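Quick one: dock chain against chain with the hints and give me the complex.
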Amino acid sequence: MSGIRDLPRRSEAGTSDVASIFDATTLNGRAEVDEQTSRRRLPVIDLVRCSRCGLPETYETIEFDSAGVCNICRQREFRDSSIDWNARRAQLTELVEQYRGRHEYDCIIPFSGGKDSTFTLYHMVKELKVKPLVVQFNHGFMRPTLLSNNERTFRILGVDVLSFRPNWRVVKRLMLETLVRKGDFCWHCHTGIYSYPMHVALKYNTPLIIWGEPSSEYTAYYDYRDDVMEEVDETRFNRFINLGITAEDMSGMISGDFDFDPRDLAPYTYPPVRDLRRLKYRSVCLGSFIPWDTRTQAQIIHEELGWEGDEVENMPPGMYRYEKIECWVQGVRDYIKFLKRGYHRVTQMTALDLRNGRIEKADADALVREFENRRPPSLDIFLEYLGISEAEFNAIVLNTVVAPHRPDFEAITPGDKTWDFDQWYREK
Amino acid sequence: MTSALVGIVNLQMGNLRSVSNAIDSLGFDHCLVERPADLIAVTHLVLPGVGSFHRAMEHMHSIGMYNPIRDFGASGRPMLGLCLGMQLLGSSGEEGESMAGLGLVPGEVRKLDSASVEPIPHVGWNSVELRGAHPVFRGVRTGVDFYFVHSYYFRPANPDDALGVTDCGEQFVSVAGRENIIGLQFHPEKSQANGLRLLDNFCGWDGRC
Numbered sequence: 001m002s003g004i005r006d007l008p009r010r011s012e013a014g015t016s017d018v019a020s021i022f023d024a025t026t027l028n029g030r031a032e033v034d035e036q037t038s039r040r041r042l043p044v045i046d047l048v049r050c051s052r053c054g055l056p057e058t059y060e061t062i063e064f065d066s067a068g069v070c071n072i073c074r075q076r077e078f079r080d081s082s083i084d085w086n087a088r089r090a091q092l093t094e095l096v097e098q099y100r101g102r103h104e105y106d107c108i109i110p111f112s113g114g115k116d117s118t119f120t121l122y123h124m125v126k127e128l129k130v131k132p133l134v135v136q137f138n139h140g141f142m143r144p145t146l147l148s149n150n151e152r153t154f155r156i157l158g159v160d161v162l163s164f165r166p167n168w169r170v171v172k173r174l175m176l177e178t179l180v181r182k183g184d185f186c187w188h189c190h191t192g193i194y195s196y197p198m199h200v201a202l203k204y205n206t207p208l209i210i211w212g213e214p215s216s217e218y219t220a221y222y223d224y225r226d227d228v229m230e231e232v233d234e235t236r237f238n239r240f241i242n243l244g245i246t247a248e249d250m251s252g253m254i255s256g257d258f259d260f261d262p263r264d265l266a267p268y269t270y271p272p273v274r275d276l277r278r279l280k281y282r283s284v285c286l287g288s289f290i291p292w293d294t295r296t297q298a299q300i301i302h303e304e305l306g307w308e309g310d311e312v313e314n315m316p317p318g319m320y321r322y323e324k325i326e327c328w329v330q331g332v333r334d335y336i337k338f339l340k341r342g343y344h345r346v347t348q349m350t351a352l353d354l355r356n357g358r359i360e361k362a363d364a365d366a367l368v369r370e371f372e373n374r375r376p377p378s379l380d381i382f383l384e385y386l387g388i389s390e391a392e393f394n395a396i397v398l399n400t401v402v403a404p405h406r407p408d409f410e411a412i413t414p415g416d417k418t419w420d421f422d423q424w425y426r427e428k
Numbered sequence: 001m002t003s004a005l006v007g008i009v010n011l012q013m014g015n016l017r018s019v020s021n022a023i024d025s026l027g028f029d030h031c032l033v034e035r036p037a038d039l040i041a042v043t044h045l046v047l048p049g050v051g052s053f054h055r056a057m058e059h060m061h062s063i064g065m066y067n068p069i070r071d072f073g074a075s076g077r078p079m080l081g082l083c084l085g086m087q088l089l090g091s092s093g094e095e096g097e098s099m100a101g102l103g104l105v106p107g108e109v110r111k112l113d114s115a116s117v118e119p120i121p122h123v124g125w126n127s128v129e130l131r132g133a134h135p136v137f138r139g140v141r142t143g144v145d146f147y148f149v150h151s152y153y154f155r156p157a158n159p160d161d162a163l164g165v166t167d168c169g170e171q172f173v174s175v176a177g178r179e180n181i182i183g184l185q186f187h188p189e190k191s192q193a194n195g196l197r198l199l200d201n202f203c204g205w206d207g208r209c
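These protein sequence lines map, in sequence, to chains C and W.
The end of the first sequence is residue 428 by the numbering used here, with every number in the run present.
The end of the second sequence is residue 209 by the numbering used here, with every number in the run present.
Just chain W, same shape as in the assembly (with noise of 0.2 Å):
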């Protein structure tokens, strides 16, 4: 029997059911968090996100939730960031905006490049070329498919920290992290069998590399 407590990030926006559907049916405990009190017995936290960057930060503030979710990040507690929740662990949100990130890995988010992607939003099943092993991807091979839906993505300042990369006429870190931190711009949870190892192996992680 697993002790784990999976705790998902509620930001009043996006894909909070479909990932708790998907950590569910791997069996694992989990709860919404949504005050810094809901941290307190969280071992693993996942935080998701569909829509914009500003708005995401602006309600994590709103809520009380900025130091509570650095502070878990900087426990060493595994941490996942889905999508916008991958973004929202960078420095800073899109060029010429103001909006810091969570900062837990350096990074800042753009937008993909209309002159090379057609069309933007990139949506739809595409490969990850992983830039070497990480106990969340242990039993998924390099060059796999996952399911994407963005238009930004995130630029880790340190090329250590990009773990995995797509090419969709530009190419673009789609995993990163660092120590206890993963993020990933697809979804697993809508990303069959190759995304639930995924969720099952972060769910199962000490967080250590």
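Next up, chain C with everything else stripped away, as it sits in the complex (with noise of 0.2 Å):
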């Protein structure tokens, strides 16, 4: 495989042909030999996994103790044991007193319909009795059981909601050059969720911006052994958040080749700190105050809320129906992380189960042997709205694998259609 970095050559500036970034010689050239390489099955390199949850070290910043017991598990034990969260509650119903009637809102809650921000929105609205403003970013992929749960919750709840789509033509060139670069599309999706509800923050004159999960219940980016408030803010954006890239970055990125209004990329720029820090804002996740617990929290805004999960593709059907349901190329993404990273979202909700002691193990290995190794179907819309062929999308996501892992593009088998496939929005 040639370079790893060695991104594709750009045709001359001026052009706005989303797939004419490519040489298609050079990048055909490149697949074909990659098909070689894939085609030989080189060993298939057995991951160093926790002994406890099955996280395999190509996990973002896992690190394995002598007992073989990942980061991510030993924090989780620190959350469980050591956080006084009876003192956590009472800090969040102080923060709340601080803000409640001073402003336009109370708080401005992020929202994306699933089951992290509906239970943030459904928490702060019945348990502390706020008036919020919510705030969504729509990322253009939206699902129909999510964008009916969302109506309804608006409506049960009785909230304020403002929604906000980008620019699609824009969308899908930022989905490929982050692909390109980074083998992660959602380049747009996590800077606009992240920056754009900031933006309406200073609109607002709203300083308290309530978000739902921690990332210390996913990752060791910020660890709850720390015992220190994840804050959302700027250093959180910049540390994972927009994959190591600014809008900034970007606009230099994309400028030779898409033609743009350097204003097309201010929902993905997160605003001056100064006029944040001038509002006195606080942008803090409820999982920082609240023991965080997906299960039962689905459970709670489905008998409260109606809330309905939905089928997610390469899932188990029936399982973990509740997780991810926002985007019609979620089963994309998590395609991309298998052959990335050799694990994808079964390992990862397999895991979560077996540090709550839901699951065994034996079991959870059959889920992740069963169903990790499938191509979504969702795959021929993606590679329609990116307008590049599949060898160019296996060549991209080859030249961003994270060691020691090999994909294996020989075991992939055809994955199932989602009920609502059919609805998504098609390109040709």
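Careful: at least some of the hints might be erroneous.
Unchecked claim - No farther apart than 20 Å at their CA atoms in a straight line, the calculated lysine to any residue pairs in the SDA-like style are these:
{"id": "1", "chain 1": "C", "residue 1": "Lys280", "chain 2": "W", "residue 2": "Asp24"}
{"id": "2", "chain 1": "W", "residue 1": "Lys111", "chain 2": "W", "residue 2": "Asp206"}
{"id": "3", "chain 1": "W", "residue 1": "Lys190", "chain 2": "C", "residue 2": "Arg274"}
{"id": "4", "chain 1": "W", "residue 1": "Lys190", "chain 2": "W", "residue 2": "Ser62"}
{"id": "5", "chain 1": "W", "residue 1": "Lys190", "chain 2": "C", "residue 2": "Arg426"}
Since the hints were derived computationally from the structure, they do not count as laboratory data.
Here the structure is a predicted model, which is why all the values come from computation and not from measurement.
Structure below.
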């Protein structure tokens, strides 16, 4: 395989055809080489995995201790044994009271409609009796069940809602750029979700922003063991949300071949920290104040708000229906993760259940074996959006594989469509 | 919105820009203080400084700011000395020199002991052990690191005025203060999140302990 950081050559400046950033000859040539490489069936590497939850060594921020247990499991132990959650609950009340009734809204609640933000909105309205402004960054892939959940939630809770959907033409170009550079096409979603509500906080003079799940539930960018409140701020944004690419960087990356207005990238730009500081903002996760429990919370919102789960591509039928139902290209994201890192969402979900003692290790391993090597049907739609072939897609992903994992394309089998597949937007 | 106006004394030496940038990023209004009239609207005063105690005091006298700064300190409004600025708060300069300081916190300036501190100056990150709670240290844990660059330190005459200590081979007072006045031997403006937290706390402080 040629240089891992080789980026496709650009065409002449001034063209706006998304596919034209590839030099077709070069890329197709490399794709053929890569296909030959994959056909050689290099031996599959057995990844080192956590002896408790099964997360592999290619997982972001993971470390293993002498017992072979990962740091994510250890910080979870700390969360459950050493954090004074009664004191944390009192801190949340104190924080809310500090801001209540003093601005246009008591707080902003960034909202996708998934289980975490729906529970956060429910908890803040019902338990803490706030008047929130719900802010939704619509990434452009919201599925029918999610949309009807949102509609019901907003009506039952009686809340004001702002929904923002960015320019689709720009979104497609951003997806292609970060797929090529990082093997992660979701930059527009990561950055938009975390920056756009901060702009709204400034516009609506509302300094308290309440997010849902802290990242310490999944990764060790923030560690419960530090016992420091995870602030959802620019530091966190730059640490891992934006994949190391600011909107200013992005502008330079796409300006050679793509015609856009610089303001098109404003939704992905973190607002000036000075402005947020002047507002005396606080941007924190509800999960820093109450212990997060996704399964129980999904049950609560189902009972109280009629919130429905959904099937997700390549997830075991009937299981984890509460997880990642927001986006119809979630299956592609999980598939890329599997190719890059040798695991995907089944491993992550069973890891959570193993930590909670809700599944046996042998059962978890069987699920992983059965469901993680499937090609999602949404890949066809995704390739249409980006205007690339599957060979080009595979070549790009091969460039971002995380060692020591090696993907085995020969072992991939077709996955099943979800019920709403035919309703998803098609470019062709 | 904040109504604080943070004055930064310009003694023509040192780290004015890094201090004003830090305060600016925290969202506070700020201005340079170069003559007595500049102090009228100032709610919080920062006395930064890098270099010689002697030259700094000479310059302060030459621009007619010695008494106005002392008066500001006596007014109850919050005042912060940084590095050399902390040492200027004291009664007198280094041993063997006759130059008097502002006398806002009784005590004298000494040189780090070259027999125990190697090398001098003491440069880099080092921890500060806090002696008790103070509004300027709200939300900052004892034992966290700040950035130091200095060869001298301020020793308060009254042990109660020593609010934090640091060990660099020799233990010295790295935080001192009384009432509305506080001095930091390290550079909060160069000390990342914890340093910014201190500056943020100071700019929001009412001067009472």
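Status of the hints after comparison with the structure:
Of the supplied pair hints, the one linking C:Lys280 and W:Asp24 holds, its CA atoms being roughly 14 Å apart against a limit of 20 Å. Proposed proximity of W:Lys111 and W:Asp206 is contradicted: the alpha carbons are some 33 Å apart, above 20 Å. Distance restraint check for W:Lys190 and C:Arg274: the Cα-Cα separation of roughly 17 Å lies within the 20 Å cut-off, and the hinted pair is therefore satisfied. Taking the CA atoms of W:Lys190 and W:Ser62, the gap is near 29 Å; set against the 20 Å cutoff, the hint is violated.
Between the alpha carbons of W:Lys190 and C:Arg426 the distance comes to roughly 52 Å, so the proposed pair goes past 20 Å and is violated.
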